[in-house]
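There are 2 protein chains.
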Amino acid sequence: MAERFEIVQKALQKMLEDKKYATLRDILVTMNPSDIAALFQDLEEKQIPLMFRLLPKEQAAETFVEMEPDEQELLIRGFSDNELKEVLDELYVDDAADIVEEMPANVVKRILKNADPVMRSSINQILRYPENSAGSIMTTEYVSLRPDMTVEEAILRIRRQGVDKETIYTCYVTGKDRTLIGLVTVKDLLLAEDDETPISDMMLTNLISVTTRTDQEEVAHMFSKYNFLALPVVDGENRMVGIVTFDDAMDVMEEEATEDIEMMSGMLPSEKSYLKSSVFELFKNRIPWLMLLMVSATFTGLIMTAFEGALAAQIALSAFIPMLMGTGGNSGSQSSVTVIRSLSLGELKFRDIGIVLWKELRTAILCGVALAVVCFAKIWFIDHLLFQNDAITLMVDLVVCLALCVTVVVAKIVGCLLPMAAKALKLDPAVMASPFISTIVDALSLLVYFLFAKSLLNV
Amino acid sequence: MAERFEIVQKALQKMLEDKKYATLRDILVTMNPSDIAALFQDLEEKQIPLMFRLLPKEQAAETFVEMEPDEQELLIRGFSDNELKEVLDELYVDDAADIVEEMPANVVKRILKNADPVMRSSINQILRYPENSAGSIMTTEYVSLRPDMTVEEAILRIRRQGVDKETIYTCYVTGKDRTLIGLVTVKDLLLAEDDETPISDMMLTNLISVTTRTDQEEVAHMFSKYNFLALPVVDGENRMVGIVTFDDAMDVMEEEATEDIEMMSGMLPSEKSYLKSSVFELFKNRIPWLMLLMVSATFTGLIMTAFEGALAAQIALSAFIPMLMGTGGNSGSQSSVTVIRSLSLGELKFRDIGIVLWKELRTAILCGVALAVVCFAKIWFIDHLLFQNDAITLMVDLVVCLALCVTVVVAKIVGCLLPMAAKALKLDPAVMASPFISTIVDALSLLVYFLFAKSLLNV
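Chain order of the listed sequences is L and H.
Quick note on numbering: our numbering labels position 97 of the first sequence as 91, and the sequence is numbered without any gaps.
Quick note on numbering: our numbering labels position 109 of the second sequence as 103, and the sequence is numbered without any gaps.
Here chain L stands alone, though its shape is the one from the complex (with noise of 0.2 Å):
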C-alpha cells in the first residue's frame, strides 16, 4: 500500500516537471485531499504552488487543511488576496481557526483581512477559548432548528443551510436566546411517518453537552463512551454555542494518547511530529527530566556510599545491584503505566484506591516469589556452578533473593500508589511513570538489598 503510494508519487512528480499539467490535473481530481497533502511534502518550494493551483477550488481547499503548517504558510504568502479569499471561503470555520493558530503574527493578519466578516468573528470566539478547552476545538457552523418547525420544514432548512455546515445529521433544537433544548438527526427526520410532525414532538431532550471550558481530553471520553457524530458546546447559560464533531474528537484521542506516552517516558510533550521536531526541540523536550533524574540519583549514590564497607567485605554483592535496580524498576513501572492509562481512560477513580492496592499486593506477591525462585536457582546453577563463582554462596544467593522478592512488591506498591496520589493531588498521573517510579525504586532496592546483606551476612 505505502509502496503503491510511492510509484504514483513519482510519477505525478515526473509529470510536474514535464509540464503535463493536464493529465496530471485529471490524476489530481480522482485523489483524496489527504493523499494529496502527502504528496507536497515531497515537493521542491517552488513546485508547491504550481501543483496547488492545478487542484479545483474545493478540493484545493479540502487539501489546503491537510497540509503541513510550513506549506500552508508558504502557499499563503505566494497567494494574491482573491486566492487567498477563495480558498478561506470553502473552508470550515474550526479548520481556518487552527490554520491561523499555527500562522506567524503577519500571515494572520492577511487572513483576517481576507475572511468574510462572520468567518473573521467567528475565529476570533474560537481563538479566545484555553487550549485544550472545548471551545478550542468547535466550529460555530451547525443546523440549528426551531421547535415549532414540522419535520417537512426542518427538511427544507437542512437543504437550505446544509452545504457550509461541517456536519448536517445531527440537528440542535434551540429555543429562546439559543438556548438549547433537543436534538433531532436526520436519520429520523428521514424516517418520520408522518411529514408534520412537529420537532417538538420527537426531538430528544435528554442532552449531553459540554461547556466551552471542558477539557479536550473529557470531550474525546464522551464520543467513544456515547458513540456521539457531534456534541453540543454550550455557555454558562446553556446557550449553544457550537459543536464539536467526531473526526476533531479522534485527533484528539490520538492527541492525548501521545502525550501521555511522551510523558510516560519522561519526555516533555511534544508540539510537532517527530520528522518535524527540531534536533533543538527535541533537546528541549527530554533534557529536563533527564537532569532532574540524574540529579536525584545522588541518593542512590549515598546509599552505596553508606554500604561501601558491606560492599567491600563481600564484593560479590556488586555484581546482582544491576539486576535487582532492573527488575524493581521495571516491576513498578508495570504497576504504573497499568494504572496510568486506567485512570487516562476513566475506568478508574481515586475512590478505587483500596482494590487498586489490593489486587496490586497479591500480583506483586506472585511476581516475587515466582522472580525468587527463578533467580535462587540460576544463581546456583549458573552463577555458582557454571561460571564456580565460589564467593557466591548459598547465603548470597539468599540475601539477594529475599531482596528481589521484597523489592518487587515494594515497587509495585510504590507504582500503583504515586499515580493515584498524582490524581488525588490534580496532578497529571502519566508523570508518575517509569522513569520516575525507577528512580525512587533504585533506592528502595539498594536499601532492602544491603539491610538483608547486613542482617543475614554479618558484612
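Treat identical chains as interchangeable: a pair holds within one or across any two.
Once the Cα atoms are required to be at most 25 Å apart in a straight line, the calculated SDA-like pairs of lysine to any residue come out as:
id : residue 1 : residue 2
1  : Lys51     : Asp12
2  : Lys278    : Asn126
3  : Lys219    : Ser271
4  : Lys270    : Ile70
5  : Lys159    : Asn221
6  : Lys181    : Met197
7  : Lys219    : Asp241
8  : Lys343    : Ser28
9  : Lys181    : Asp29
10 : Lys51     : Leu223
11 : Lys181    : Met196
12 : Lys266    : Glu248
13 : Lys14     : Thr24
14 : Lys8      : Leu33
15 : Lys219    : Glu56
16 : Lys51     : Leu198
17 : Lys181    : Thr168
18 : Lys219    : Glu52
19 : Lys343    : Pro63
20 : Lys417    : Trp283
21 : Lys266    : His215
22 : Lys343    : Asp29
23 : Lys181    : Pro141
24 : Lys219    : Asp229
25 : Lys343    : Glu39
26 : Lys51     : Tyr220
27 : Lys448    : Thr292
28 : Lys270    : Leu355
29 : Lys266    : Ile359
Quick caveat, the hints were computed from the structure, so don't treat them as lab data.
Got chain L sorted already, so can you dock chain H onto it with the hints?
The following block gives chain H in isolation, referenced to the frame of chain L:
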C-alpha cells in the same frame, strides 16, 4: 460530573430497593444507555434482571450492548426465549457478534437458536474472520443503492430500509454481484438540486476501501486520516461485504494505544480492563517479561564480576553505577518510545532510518554534553566538597562524566535503531521499548564506565 453521577446512582438504587418501579422507570427512560449500563455494575446479582425489565424494548437493547460480559451472561441465563429474541431483534449485527464472542458455548448456542436466520448467518460470517481484522469489526447492515436510481428513489429506499441500518449517512452503490462502484452521502442526496439526477451522475467513484483481512489498526488509521463516517469492506473480488463505522474505529484506536502502552512497559496486552482482570491474569501478563529481563541481567552481573578488581581498588566508583545506568536507560527509552509512537501513527517509515539516526545522534550529543557538564559540577561541589568524600578525585569525576556522555549517546542510538529494526523484520516495534532497551543499555553503560576507569585511573 463523576460525583453527580454517584449521587444519582445511590438515589436510583434506593428506589429499586423501595420498589418504586414507576418512578425509577420514568428516570431511566431519560438516561443514556452507556450511563444506565454503568449503573448495573454496582447492583447486586438479583437486582440486575429486575432493573433491566423496567427498560423499554429499544433502550433495553442499547443498554445491553454497553454492559460488561458477565452481566450480559447473567441476564441471558435469566431470559426466557421470548425475552432473548426481543433483545436480539433490536441489536445491530456487529454488536451481537461481539457479545457472542465473549459468551461460553452453551450461551452462544441459545443466542444463535433464538436469532433470526439472517442475523444468525451474519454473526457466523463475522465470527469466521481472524481476530483484529476488518472483517471481525464490520457490520453487514448498510444501505446499498443501484447506480440507475434517481435521487428521489434513493431517498425513498433509505426511508424504507434505514431503520435497521447502523448508519444511513453513507450509502454504497453496488453493481452486478454486489461489486462496489461508488458512494453517495445523505448530505449529497439532500442537497441535490434535481430529484431526478441519477445516482451514477453524482456518486463518488475514487473510493477508499479495505478488505476483510485488513488489520484493524490500519482501518483505524484510515479513519483518523480521512475523517470517514464509515469505510466499506470488500472481499478479494471487490464485492461489498460490510462496513466499519467510526465508533468501532474509535474503540480500536483506544485499544491499540493501550496495547502499545502495555507492550512498551514490558507487559503482554490485556484482554480485559484493569478492574475486571483477576490477580492471576495480571500475573500472567506481567511475569514473562520480568522473568526474561531478570535472567538477561546475568550479562550485567558478568561484567560487574569481570571488573571486580577495578571496583575493589576504587570502591568510590560503585556509587555512580545506579546513576549511570538510570540515565542511560531513561535516555534510551526516550528515543525508543518516540520512534515507536511515530511508527505506530504511520508518521515514520523504515526508509527514514537515516534521518532518524542523524537526528538522534545530534540530540544525544546535546543531551550527553549538557548532562556531563552538570554532573561534573554536581559531583565536585556536592559529593566532593559538601560531603567531603576524598575518594572522589578530579580524575574519578572526569571518568564518571565521560562515561555518562558516551552512555547517553550509545543509549539513544540503540533506542532508535532497535524499534526500526523490529519494524523491518515485521515485528511489533512496541516490544523494543523501555525495559528491553534498559537491559541492553545497562550492560553497555557498565562496559563504557569500566573501560574509561581502566584507562584513565589505571585500576
